[in-house]
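Engineer: If you want the building blocks of each chain, they are given just below.
Protein chains: 2
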Amino acid sequence: MSSQAPHSTLLIPGPIEFDDAVLQSMSHYAESHVSPAFVKVFGETLTLVRKLFQSTKPSAQPFVISGSGTLGWDVVASNLIEKGENALVLHTGYFADSFAACLETYGAHATQLKAPIGDRPSFEQIEQALKEKPYKIITITHVDTSTGVLSDIKRVTEIVRRVSPDTLVVVDGVCSVGCEEIAFDEWDLDVVLTASQKAIGCPPGLSILMLSGRAIDRFKSRKTPPSSYFASIANWMPIMQNYENNKPSYFATPPTQLVHALHTSLSQITARPMAERFAIHAQTSDRVKAAIADLGLRQLASQPESQAHAMTAIYLPDGLTPADVLPSLLKRGVIFAAGLHKEIATRYIRFGHMGVSVTDPARNDIDKAIVALKEALTEAKQAKGL
Amino acid sequence: MSSQAPHSTLLIPGPIEFDDAVLQSMSHYAESHVSPAFVKVFGETLTLVRKLFQSTKPSAQPFVISGSGTLGWDVVASNLIEKGENALVLHTGYFADSFAACLETYGAHATQLKAPIGDRPSFEQIEQALKEKPYKIITITHVDTSTGVLSDIKRVTEIVRRVSPDTLVVVDGVCSVGCEEIAFDEWDLDVVLTASQKAIGCPPGLSILMLSGRAIDRFKSRKTPPSSYFASIANWMPIMQNYENNKPSYFATPPTQLVHALHTSLSQITARPMAERFAIHAQTSDRVKAAIADLGLRQLASQPESQAHAMTAIYLPDGLTPADVLPSLLKRGVIFAAGLHKEIATRYIRFGHMGVSVTDPARNDIDKAIVALKEALTEAKQAKGL
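One line per chain: the protein sequences are A and B, in this order. Residue numbering for the first sequence follows UniProt numbering, beginning at 1 and increasing consecutively. Residue numbering for the second sequence follows UniProt numbering, beginning at 1 and increasing consecutively.
Chain A with its partners taken away, still in its complex shape (with noise of 0.2 Å):
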């Protein structure tokens, strides 16, 4: 039983449900930012965002940082990437459009490789499109929030590393980090960004990204200097490597409640093998889509391999759109989120399964989401006269 006042289930992709453990931990006292208490809890932190990402080298880098998901595009982009350089970005949906624009903020120049919506580029059009100029990095949504379309990444960086071993490989994986398998080192990727209120579970406000030694060294031999001051991995860098290693130190004041948050929620997570944690996403995500497709509804993503295990983007019936069915499932309780593809917003729902609604025997969530799902399609077909 949670703790937690009542309220509805919140089964967006992110932000997701939270373990009491970890939103009591919202609320720590106030500390410093320098304490040897918090130094150690963030230490720890960054040390659980290796193991999360099943990292053990050493020249890899953790960081934390005090911002949305968003942020870590900044990151990239001012510090990656120079001006005029040339950046592949795969599209599968909304997120890559915006990476794409922040890229360009910077200077550099976006080329998107672009599939129909809830589809991928192909293998082949990627090695084609890596052949074709010199690119610095090539970035993918690892599941784009707007479409549920999951990208092998893990192909993605045999491919590049074949064909243009020295672009990096950047990975945004704000909806799939904490439940999607990713493997840093053994897949040779070089960087990898996430948000806390997604798979994470834990509240929004922290930018966290893992970066390769290879992504560090190309930073390190910049021929001008970073583009930003918040974003620069020349002043967090320092600041992380100290923290880890137990030393205070001052470039701005990390936000000492989340962090508290993120250190009880990756403590949970990395405390068992994180293979039995995709497992389950896995498992749970083949039981919606089952549902979904015994409810004679389609996904957008329209390949099995492609879908991912995070979420699902449903298409809605001919002539209901979301403003027909989310008012229904929240009466029974349960909170999906309409479409964000602009092209399609009015025509789906996005269905989260991530987290503790997902590894938490205790819970119910998923199965009385299927529930009021199959009642308020009913509701709104009846309503609609369909």
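Same chains, same label: a pair holds when it works inside one copy or across any pair of copies.
Cross-link-like lysine-lysine pairs, in silico, DSBU-like; alpha carbons within 35 Å at most:
(1) Lys51 - Lys289
(2) Lys223 - Lys136
(3) Lys368 - Lys342
(4) Lys289 - Lys381
(5) Lys154 - Lys220
(6) Lys247 - Lys368
(7) Lys83 - Lys136
(8) Lys40 - Lys342
(9) Lys247 - Lys374
(10) Lys223 - Lys342
(11) Lys114 - Lys136
(12) Lys368 - Lys40
(13) Lys247 - Lys381
(14) Lys83 - Lys223
In case anyone wonders, no lab produced these hints; they're calculated from the structure. All values reported here derive from a predicted model rather than from experimental measurement.
Model the placement of chain B on the given structure of chain A, informed by the hints.
Structural biologist: For chain B alone, coordinates are given in the frame of chain A:
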């Protein structure tokens, strides 16, 4: 009585002690950032920021963004000044050096007007500097957390309007907003940037800004696009306007729990006249400064008119360092901060007196701290044979 776990009293110049209700808001259950309930809370919070700044002009625009106070510098440097333009940076401690570094990161020319440690540039020097070349912005650290020096932002703004009326007046109010008098409209300020964790009494993790209509106009007439993405006014302004008009909107996920805490804290602060809040901070500061003098100690801020009401930076007796005194204070349940100004960091300590420690009559934090300081100094001198 506080319902918080027992802990030493945090009297550093931020973060500060929290009110129970503020801290309880931090553990608000999971909520969608676009739900009607949260949209209302965020919208009201923005309106409360206007009250905090005693601003009623519809052309002024509040911002509440996930990030540290430092992020406010990037907002200024990437939006309100362009490459090659001049910024006059009034230097009263560590934070002017950092703000200047941020401005230069984005290509501005920062000219620092420096005063000796503990002093501030004179009005004559400022007037002279403004006449020497055209400055797009002038930056003033209202209270420099490293020195406890207070600047007279009202008077400086009068000089700017007389001598260089187009120059935007940018106030770094991280250590002043919520305890030092600020009349945003009446004083004709253009930007005040601050953070949640100082006199506002909220946990760290929010960058808070107020921009004048003049600043917004100047932004809109930029010749080049803004040079940041996460810190872009263009990206955030529609979001803030929509939320304040009770409409959900998305650019990056707001830190919902921190916004609740800020809502609670600003509701408490603005429930009483701001003048009363400024007065009680001034009275408490006077009491602290008198006690410091009674102990035979000097402040870094040499002149009464340039001594902050939020904090006191105190020179230690010759032969003592912070390491001799801070542990002894901690033993007595009081946490002060070490020195921060590089040149003299080992020669002084900092005592923050803001927020509930000052305004809550049920607390005895300040008197306890004064007694503890007296005892700790005696103990430290004895230990050193002084």
